[in-house]
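**Q** For reference, the chains in residue letters:
Protein chains: 2
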Amino acid sequence: MTTAAGSGHPSTALALGHIIYEVMYKQMRYDPANPWNPANDRLVLSIGHAVPIVYAAYADLSGAVGFDEAEKRLLTVDDLSTLRELSSVLDGHPNPAEGFPFFDAATGSLGQGLSVAAGLALGARLDKIDKRIFAIVGDGESREGQVWEAMDFIVDHKLKNVCVIFSCNNHGQAAAVSPQQSADAVAAKAAAFGWEVTRVDGHDPEELAAALSGFGANKKPLAIVAETVKGWGVDMMLGKNFHGKPVPADQVESACAQLDQTGQKLGAQSNGEVRPETRAGTPARAKGKPIKLPPFAEAMKRAGKEAALETKSLATRAGYGVALVALGDTDERIVALDADVSNSTFSDAFAKLHTDRFFECKIAEQNMVSVGAGLSAAGRIPFASSFAKFIARAVDQIDLAGISRANIKIVGSHAGVSLGADGPSQMAVTDVAYFRSMTRADAGRGTPLCHVFQPSDAICAYRCVELMANVDGLCYMRTHRPNASFLYPLDEEFSLRGCKQLRKGDKLTLVSSGYMLYTAIEAAQKLAAAGIECNVFDAYTFPLDAAPVLDAARAAGGVILTVEDNYIGGLHAELAEAAGETTDVRVFGMTPTRMPKSAKSAAEVFSYVGVGLDQIIEKAKALAAT
Amino acid sequence: MTTAAGSGHPSTALALGHIIYEVMYKQMRYDPANPWNPANDRLVLSIGHAVPIVYAAYADLSGAVGFDEAEKRLLTVDDLSTLRELSSVLDGHPNPAEGFPFFDAATGSLGQGLSVAAGLALGARLDKIDKRIFAIVGDGESREGQVWEAMDFIVDHKLKNVCVIFSCNNHGQAAAVSPQQSADAVAAKAAAFGWEVTRVDGHDPEELAAALSGFGANKKPLAIVAETVKGWGVDMMLGKNFHGKPVPADQVESACAQLDQTGQKLGAQSNGEVRPETRAGTPARAKGKPIKLPPFAEAMKRAGKEAALETKSLATRAGYGVALVALGDTDERIVALDADVSNSTFSDAFAKLHTDRFFECKIAEQNMVSVGAGLSAAGRIPFASSFAKFIARAVDQIDLAGISRANIKIVGSHAGVSLGADGPSQMAVTDVAYFRSMTRADAGRGTPLCHVFQPSDAICAYRCVELMANVDGLCYMRTHRPNASFLYPLDEEFSLRGCKQLRKGDKLTLVSSGYMLYTAIEAAQKLAAAGIECNVFDAYTFPLDAAPVLDAARAAGGVILTVEDNYIGGLHAELAEAAGETTDVRVFGMTPTRMPKSAKSAAEVFSYVGVGLDQIIEKAKALAAT
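Chains as they are written, first to last, in our numbering: chain F, 1 to 626; chain L, 1001 to 1626.
Just so you know, these hints were derived from the structure itself, not from any lab.
Hints are supplied without guarantee of correctness; some may be wrong.
[What the hints assert, rightly or not] Heads up, simulated DSSO-like pairs for lysine-lysine below, C-alpha to C-alpha not over 27 Å straight-line:
| # | chain 1 | residue 1 | chain 2 | residue 2 |
| --- | --- | --- | --- | --- |
| 1 | L | Lys-1072 | F | Lys-600 |
| 2 | L | Lys-1245 | F | Lys-305 |
| 3 | F | Lys-504 | F | Lys-312 |
| 4 | L | Lys-1352 | L | Lys-1158 |
| 5 | L | Lys-1305 | F | Lys-245 |
| 6 | L | Lys-1219 | L | Lys-1128 |
| 7 | F | Lys-26 | F | Lys-219 |
| 8 | F | Lys-526 | F | Lys-507 |
| 9 | F | Lys-352 | L | Lys-1245 |
| 10 | F | Lys-352 | L | Lys-1240 |
| 11 | L | Lys-1240 | F | Lys-305 |
| 12 | L | Lys-1312 | F | Lys-245 |
| 13 | L | Lys-1305 | L | Lys-1500 |
| 14 | L | Lys-1219 | L | Lys-1026 |
| 15 | L | Lys-1600 | F | Lys-72 |
| 16 | F | Lys-26 | F | Lys-128 |
| 17 | L | Lys-1128 | L | Lys-1158 |
| 18 | F | Lys-240 | L | Lys-1305 |
| 19 | F | Lys-312 | L | Lys-1245 |
| 20 | L | Lys-1352 | F | Lys-240 |
Note that the coordinates shown come from a computational prediction; the quantities given were computed from them, not determined experimentally.
Construct the entire structure; sequences and hints are all you get.
**A** What follows is the structure, encoded as structure tokens:
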């Protein structure tokens, strides 16, 4: 099939021939014709470029493909020649979102699969399903630190329903793998990480079967370190490093003939063997069930924040904590993850009240996000939080969660520069550009690949979390450290693509969001005192329906000034792109013009980076209609 | 000092009191008054929030602060009360770029420091300086996978001039550290990773001295696992987890008194002890020395690519490889790193010809970038390459390199969707938005924090690499997989902020870059045949001087259409932001409108995501002036 595709990794696939046979034919309790059965054991192919061997086995087993059970069809061996074609469900790397439901998450960016397996295992435990998760990881791939974050996490959470199989073929792409990733080294590391380790010949079915018989039998999770041969069974692929190359068309026949001969010699059968019995599955959780949060005040009391109802001031991160508790009360699908900062992100309230659905990931953000992708595949709605700055640690994992169309919510606290004293290593200023970049690509269901939220007060934060829970897909919310006074009535409603007009004016239109909005409002008040009345908008979400902002601007001199405490690619870009198609509205933007540093207050840092109160007023005066 | 600052982490600092004493007073061979001396031993405080203890010791030792030797001053104990103030060199976390040259790189986003130490160690080896690098890592911090990527890398490269000290105080932020990060677990892991491991009481100077006497004495690099006490010496901080809180003002006196009493009891001296002798340093490498590459044809022959001079076609990633070899010939400061894909990024040519300056990082992009930051601090100009998609793995490390003002160049190959068959897990579509976000913030020396390059042909790629080498700071270049015919004469010149007009027209202005540009040109040719003459611009860099594009657009109907194969936040945003301040130019953008998938050709994927030839032509016809 790789020769037909003209690309792919047949040699890596052949290294897994016997392992895939043992796992997919002998060990996994599942019905290939119904990959949607929640009782199925699952396989995560972390070493994604080996996927042709899984496609081959799945076709041989007549596995079902398609986007849902209603329109499924059974994969045939003939289908295999469509590998990597635009119309094919057989994508170049594992990709459930293109119609291959045997998989739970996209892999191919290496080192992420074991974390996904951990998420699937947590989901099975929550659902009280006796379900086993197999994960296959390459030796070169095990250089990725995330693999060891997952090894820690699985031990922490006693996930004995996960088995990892390391395929050690000793070849990377550019060269041999390092001695640090030899089978001996991987085995020693796995043992040091607290796993039960079994060494096997990865091409000996009996050794593999014996090793896998220990799955779940020990006190520790099981790691199988299998020595494999890249290009096993095809001489032309052996010895030298034959990576990422299909067999030339004129040599396919001889290569296949050699495999057939070997197969006959070993008495292999092409299919029809008796596989483990399939269990009846509990019905999958209803997707898209709407989630309605209680009144804000009620949720505040429930979370022990009633005092803030009096002071009318609460940080948006605390508003997130209040909403998360209410979500947990409202819907059992909600789960939360944090990376040892739950007392800063305020996911700790959820941890106390919904202990069984909170998963402490410690300081390992990459693993946290990929575990979330696994939980999403298990039908949960994971909210994963850390400092927004440290969420940057998991950009590649978030990208992959997007490819998987995972229903995951990322919440970054202490965003922007308002954090102040801790300095730039704790300040997220590139996050808005990154997450906004995904807001205008369609996820394949008529909804954006990503929704971004930046609430300015706790009431808005509360409702944004409700919106996130009701979107089926990736969402990002940026919360801020400082306390912020309530801008909205307790029962204010918010919507996807929405924004709020907070002031009306005829000279200029100021647009901001998050904690920065308060400085914009203060500027507008001072400008009004000077006779310059400005519109003020709270643009709390991307994608943004810019029409109301543009219309208001047209009626107020046709000039918009955006104010942000993140680098370019956020609000200024969003409105400039919208206004760029017209000729009657001009857009100017204020974003940090220099790298921030520590200072005692948010206001000091705002001024230092060029978005301080006086600087906004000065710029506004220069732009205001006269 | 943390009480004066009103924030900070005194308890974490006190856990390091004895370790910092032993390292900064007894072990490090350096001159506190001249931190710029290249012969100095170095300390990387990976657990950045413990920085107050380093500031205290450095003040006690009258260490020099300031931006360069010419304007240095010696830190005093009185200065310590300015911690975290806007005007202070004592930033909230280690930050050399704000005037604290004792440090080599910003830390504070955890898990990165040991990689930086490895880069410093490589630099010392290249410079043949007998220099020791100490790195201090927290126990909770060691949950970050990158720490173990660095542990592998240091063994691979036999960097016995690095010593890591794990401070195991058993407390994280939200709770106790996991048993997976206990002193026993960390020691077992370090041993399994091939390190010499010594266990000590982190508050026993004699044990610490004995352990550090083994630094460099074994076949393996040395890891010291020190059991420490968070808040050591101050009762009010003990027991419960006292994290990230200063001592209340009314309790500072008693806390300090308790430390003084303990000090007297133990016979500690406040300063003036004999420290190891300082060695004369070799002069630091001249910064900003201009780098001039030879003629393109000459470099092509040197890299064995002369055949492409005949076919006049070469992938931009191959153009990068050619330029990298020429850079290596031209300037010894140039070093290169890759993550097991050097035969795809084409850094392999440099690896063959400049073996001693190429560092294979294997599949661990986070470590690769932070090692690069360390090499930059050692006076080198590192070029770090991988697939653009996998560069996303290191966003947080790139952020920190930016905070350090590291002179590092990131090169991502196979960018955008033109990769085709391998599918979305290998396609970088969010990279442009991320890197462009840093192009309008000043790095503190009148230059942007980041320059972004996206060459369309190998000639442009060659010169963009030359531009990158001559910029002092962070740069990103995006190269593409497919072969691309030469668009420019062999001796064409390119510039920062520049762009090139490739066609003149009067009906519309098309702007694109990279491999996508060829489709835009083809569209312009077909449109010309239909009587619609378009300007075509190659916008090969950000920040972009948009004036020439806007002027050309004004003379051609006032409409710009941008075409990109990355998600929003790139070229469309750049020009919409520029045109947004005027009323006589409209800007429309075409970017991928859906998640890409595998397909046989780049053209198929372009069409699938909405930026195909026919779609561009259709959109252009709708926008063209009539």
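**Q** For the pair we were handed, Lys-1219 of chain L and Lys-1128 of chain L, check the Cα-Cα distance against 27 Å.
**A** holds, 19 Å
**Q** Taken at face value, is the distance from the CA of Lys-128 of chain F to the CA of Lys-26 of chain F at most 27 Å?
**A** holds, 23 Å
**Q** Does the alpha-carbon distance linking Lys-504 of chain F and Lys-312 of chain F stay inside the 27 Å limit?
**A** Holds, at roughly 24 Å.
**Q** Take a quick look at whether Lys-312 of chain F and Lys-1245 of chain L sit within 27 Å of each other, Cα to Cα.
**A** holds, 26 Å
**Q** Does Lys-1352 of chain L pair with Lys-240 of chain F here, judged by a C-alpha cut-off of 27 Å?
**A** holds, 18 Å
**Q** Given the hinted pair Lys-352 of chain F and Lys-1245 of chain L, is their Cα-Cα distance within 27 Å?
**A** Roughly 22 Å between the alpha carbons, so the hint for Lys-352 of chain F and Lys-1245 of chain L holds.
**Q** Are the Cα positions of Lys-26 of chain F and Lys-219 of chain F separated by 27 Å at most?
**A** holds, 23 Å
**Q** Is Lys-1072 of chain L close enough to Lys-600 of chain F, meaning Cα to Cα at most 27 Å?
**A** holds, 25 Å
**Q** Against the 27 Å threshold, does the CA-CA distance of Lys-352 of chain F and Lys-1240 of chain L hold or violate the hint?
**A** holds, 18 Å
**Q** For the pair supplied as a hint, Lys-1600 of chain L and Lys-72 of chain F, confirm whether the alpha-carbon distance does not exceed 27 Å.
**A** holds, 25 Å
**Q** Within a Cα-Cα threshold of 27 Å, do Lys-1128 of chain L and Lys-1158 of chain L meet the stated pairing?
**A** holds, 15 Å
**Q** Need the status of pair Lys-526 of chain F, Lys-507 of chain F: alpha-carbon distance at most 27 Å?
**A** It holds: about 14 Å lies between the C-alpha atoms, which stays within 27 Å.
In this structure, none of the earlier numbered hints is contradicted; all agree with it.
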